[in-house]
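**Student:** Below, each chain spelled out in residue letters.
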Amino acid sequence: MTNNPTLLAAVGLSKTFPGTRALDGVDFDLRAGEVHALLGENGAGKSTLIKCLTGAYRRDGGDILLEGASIDPRDTQEAQRLGIGTVYQEVNLLPNLTVADNLLLGRQPRRLGLVSRRETNRIAREMLSRYGLTIDVARSLDSYSVAIQQIVAIARAVSLSGKVLILDEPTASLDRDEVRMLFDVVRSLRAQGLGIVFISHFLDQVFDISDRITVLRNGRLVGVRDAATLDRTQLINMMLGRELSEETRDRGRGGFDYAQRARIAYVGTGRAGVIAPFDLSIHRGEVVGMAGLLGSGRTETAELMFAAAPRDGGSVNKDGKPLKLASPRDAIAAGFGFSPEDRKTSGIIGDMSVRENIVLALQARQGWMRPVRLSRQREMADDYIRRLDIRTPDAEKPIGQLSGGNQQKALLARWLATNPEFLILDEPTRGIDVGAHAEIIRMIENLCESGMSLLVISSELDELVTYSHRVVVVRDRVHVAELIGEEITTDSIVAAIAKPSPAPETSA
Amino acid sequence: MNGTLARFGRRIAPQLVTLAVVVAMIGIVFPGFFDISIANGRLYGSPIDILNRGAPVALLAIGMTLVIATGGIDLSVGAVMAICGAIAATLIVDGYSLPATLALSLGAGLLCGLWNGLLVAVLGIQPIVATLILMVAGRGIAQLVTEGMIRTFSHHGFASLGSGNLLWLPTPVVIWVCAGILATLVVRRTALGMLIEAVGINRRASMLAGVNARLLIVTVYMVSGLCAAMAGLIVTADIRGADANNAGLFLELDAILAVVVGGTSLLGGHFSLIASLIGAMIIQAINTGILVAGFPPEFNLVIKACIVLAILVLQSPALQGAAMLFSRTKGQP
Chain A
1 MTNNPTLLAA
11 VGLSKTFPGT
21 RALDGVDFDL
31 RAGEVHALLG
41 ENGAGKSTLI
51 KCLTGAYRRD
61 GGDILLEGAS
71 IDPRDTQEAQ
81 RLGIGTVYQE
91 VNLLPNLTVA
101 DNLLLGRQPR
111 RLGLVSRRET
121 NRIAREMLSR
131 YGLTIDVARS
141 LDSYSVAIQQ
151 IVAIARAVSL
161 SGKVLILDEP
171 TASLDRDEVR
181 MLFDVVRSLR
191 AQGLGIVFIS
201 HFLDQVFDIS
211 DRITVLRNGR
221 LVGVRDAATL
231 DRTQLINMML
241 GRELSEETRD
251 RGRGGFDYAQ
261 RARIAYVGTG
271 RAGVIAPFDL
281 SIHRGEVVGM
291 AGLLGSGRTE
301 TAELMFAAAP
311 RDGGSVNKDG
321 KPLKLASPRD
331 AIAAGFGFSP
341 EDRKTSGIIG
351 DMSVRENIVL
361 ALQARQGWMR
371 PVRLSRQREM
381 ADDYIRRLDI
391 RTPDAEKPIG
401 QLSGGNQQKA
411 LLARWLATNP
421 EFLILDEPTR
431 GIDVGAHAEI
441 IRMIENLCES
451 GMSLLVISSE
461 LDELVTYSHR
471 VVVVRDRVHV
481 AELIGEEITT
491 DSIVAAIAKP
501 SPAPETSA
Chain B
509 MNGTLARFGR
519 RIAPQLVTLA
529 VVVAMIGIVF
539 PGFFDISIAN
549 GRLYGSPIDI
559 LNRGAPVALL
569 AIGMTLVIAT
579 GGIDLSVGAV
589 MAICGAIAAT
599 LIVDGYSLPA
609 TLALSLGAGL
619 LCGLWNGLLV
629 AVLGIQPIVA
639 TLILMVAGRG
649 IAQLVTEGMI
659 RTFSHHGFAS
669 LGSGNLLWLP
679 TPVVIWVCAG
689 ILATLVVRRT
699 ALGMLIEAVG
709 INRRASMLAG
719 VNARLLIVTV
729 YMVSGLCAAM
739 AGLIVTADIR
749 GADANNAGLF
759 LELDAILAVV
769 VGGTSLLGGH
779 FSLIASLIGA
789 MIIQAINTGI
799 LVAGFPPEFN
809 LVIKACIVLA
819 ILVLQSPALQ
829 GAAMLFSRTK
839 GQP
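Going down the list, the protein sequences come from chains A and B.
Residue numbering for the first sequence is 1 to 508, as defined by my numbering.
Residue numbering for the second sequence is 509 to 841, as defined by my numbering.
Be aware that one or more of the hints could be misleading.
[Said to hold, decoys possible] Simulated pairs of lysine to any residue, SDA-like, Cα-Cα distance not exceeding 25 Å:
no.: 1; chain 1: A; residue 1: K324; chain 2: B; residue 2: R518
no.: 2; chain 1: B; residue 1: K812; chain 2: B; residue 2: L822
no.: 3; chain 1: A; residue 1: K324; chain 2: B; residue 2: M715
no.: 4; chain 1: A; residue 1: K318; chain 2: B; residue 2: A667
[Said to hold, decoys possible] Pair ranges (Cβ atoms, derived):
no.: 5; chain 1: A; residue 1: D394; chain 2: B; residue 2: I689; range: 29 to 39 Å
no.: 6; chain 1: A; residue 1: P310; chain 2: B; residue 2: A611; range: 53 to 63 Å
no.: 7; chain 1: B; residue 1: L827; chain 2: A; residue 2: D60; range: 20 to 30 Å
no.: 8; chain 1: A; residue 1: E482; chain 2: B; residue 2: R519; range: 50 to 60 Å
no.: 9; chain 1: B; residue 1: T512; chain 2: A; residue 2: A228; range: 34 to 44 Å
no.: 10; chain 1: A; residue 1: L114; chain 2: B; residue 2: R712; range: 49 to 59 Å
None of these hints come from the bench; they were simulated from the model.
Beta carbons are placed, not taken as given, at the ideal position from N, Cα and C, and that holds for glycine.
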């Protein structure tokens, strides 16, 4: 495999944006028939490199060679024609069209000038059968799971391009089985001689599928290694450039004093068809973790708790007194904060500056009549940018232009500025690089030490074990288990998630 | 503070330059354009005329800017002008006092805005559809108020709102300038402007951050209704009569154009009231310029369209991007 010819190479690639040198003389080479992982912290230059390769950006310097010939794609279509196809984390297809239309859009077979539906469907079925997928191609794309949609996107990209396939965080919203299915497809494409660039934050997956690994840091190349000769600690060291003592622990944090009165207590909170009624109380200085598969009702639980979605009955007490909780405004007035799972659509105000995004919740709580003075806003923004190490040239940069991890930190800052008593974090570390990941975990621990109560939803079990005093497990829209202190291990959480549902017990 | 001022200067520079170019062009084809004289305690001249004639669109542009900043649009403002003008004329003819007449007419404008706001913010109807309802129905309501006639009146106090003077300027100029300053102060000295922009950019995220998006949206439509009512009063006072069919006809389009020329995106978000007001003056300068230049009147609309097109091309993202690249290669350290 190592003797395969180089398919795509970047030589001394540079790209500068105002204020930042996103790529600084980066070399990268991809061989035919290999899966090449591209790793790095947020802002390391991964996506800039990809965008230069696919024509989304024009490079400032250096050269791109495809099969030895210099190329200069002006846009993604040109790159596609040259043989470089890309599949993004958020599937870039048309969910309301059929699978077949998505596969063949723009080149459907015609009969007498009209699109031949039967022929379209036949070709589409043939295309997918090569991926071991036998689904009804006449159904709309959005009736299938994200995993299937990913494979459809891959099939389309491969049929359009066929030499290089770039997978940008393809597994971010897939569960374990779906990842396996996707990797089978990737392996078969590798066997056909495609060069595959794989970007992911899941190191396990990287080791599972990659032949070689290229690491970038701050726009520079750190190194290229064979995956087989590299271990986890070495890789993390390459990515961070500093010693990351294994941040995780084996068992949950014990010794929490449950004798004290709960700070916030939900009784019989639920919503028909969304999440079965649950009781949940959170104490001062306690971190409650929430585990479960995607779609199990974790996010829905958080939304009900913050009153971001309506709930059927039930009551909420704070410090022993009943609390009116009918809207996010009520929740914020009571000292709650909520950082939602989907940063882009529910978290950031993309066009607004980092400063305004940080001030927003505080300002909304104070009301429009009492503006936070501009000098105070600047102070606060600069303070949080320093304390949370938000990487941005200055506080006036639109938040939408920051990387995911930095957006997440700015959202944390938004809530910290309101000095909350109870903070709900839904997947605070999703799509975030290793360094920011560790920082956010440390921040959660610090906040809880200062007396804040936290509910943290996460798919990363190691992470939950590290900071949780208690873990609530959600399965099939029901809170099924609660693990306390020493009981919390990744194995016990997995066991609770995996246990088959005893049907009658919790039906509500 | 200097940074803020500089940013503001950069924000309105394209509009100021455009206005200067339009005015200079008029000056070339009509050399007497800049003559300003004082007579009867008031300034006279084409520039003053532009400020005066532009009053209705300028007032509408204030409300329209705020509505557009929330990601909405208000098509009903022309019809609301007709309603409020009809109510004012009818009341003044019926012998109501001037303060009562003004209060009731402005109240009607607020009510129209409340209606639009509730349709958009509470029922969740798309703004273009929601305000279309009142755009169509509004003229009918105005006709019902005037009972299908053109209501004329001869109340001097009321008429002076449209044709009187204040501080050596026509009264409408004083009204729109004051309204513009007041609105700017309110949105920029309080947090209102920022909250409106937040809702316009990402309503869900704003709501989750505790912004009362619903109330804000209703409010901006009410401000738009109030501005339309003021515009309607000025037009009615100026012609000393209410014409339900023609008062404010198509002015909603000029108001939207003023906002767009002012550089505020129709997608919502960041806005500038002052840039919109300059936009309104650009439009009026074009209108007046075509008149004084002595083109045959049948050319008016085509010439106006060409000039507007030129302005929008200059502001288009494609050209802006090129310009920004140019200034960056020059200006960046």
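**Student:** Quick check: which numbered hints come out false for this structure?
**Tutor:** 1, 4, 6, 9, 10
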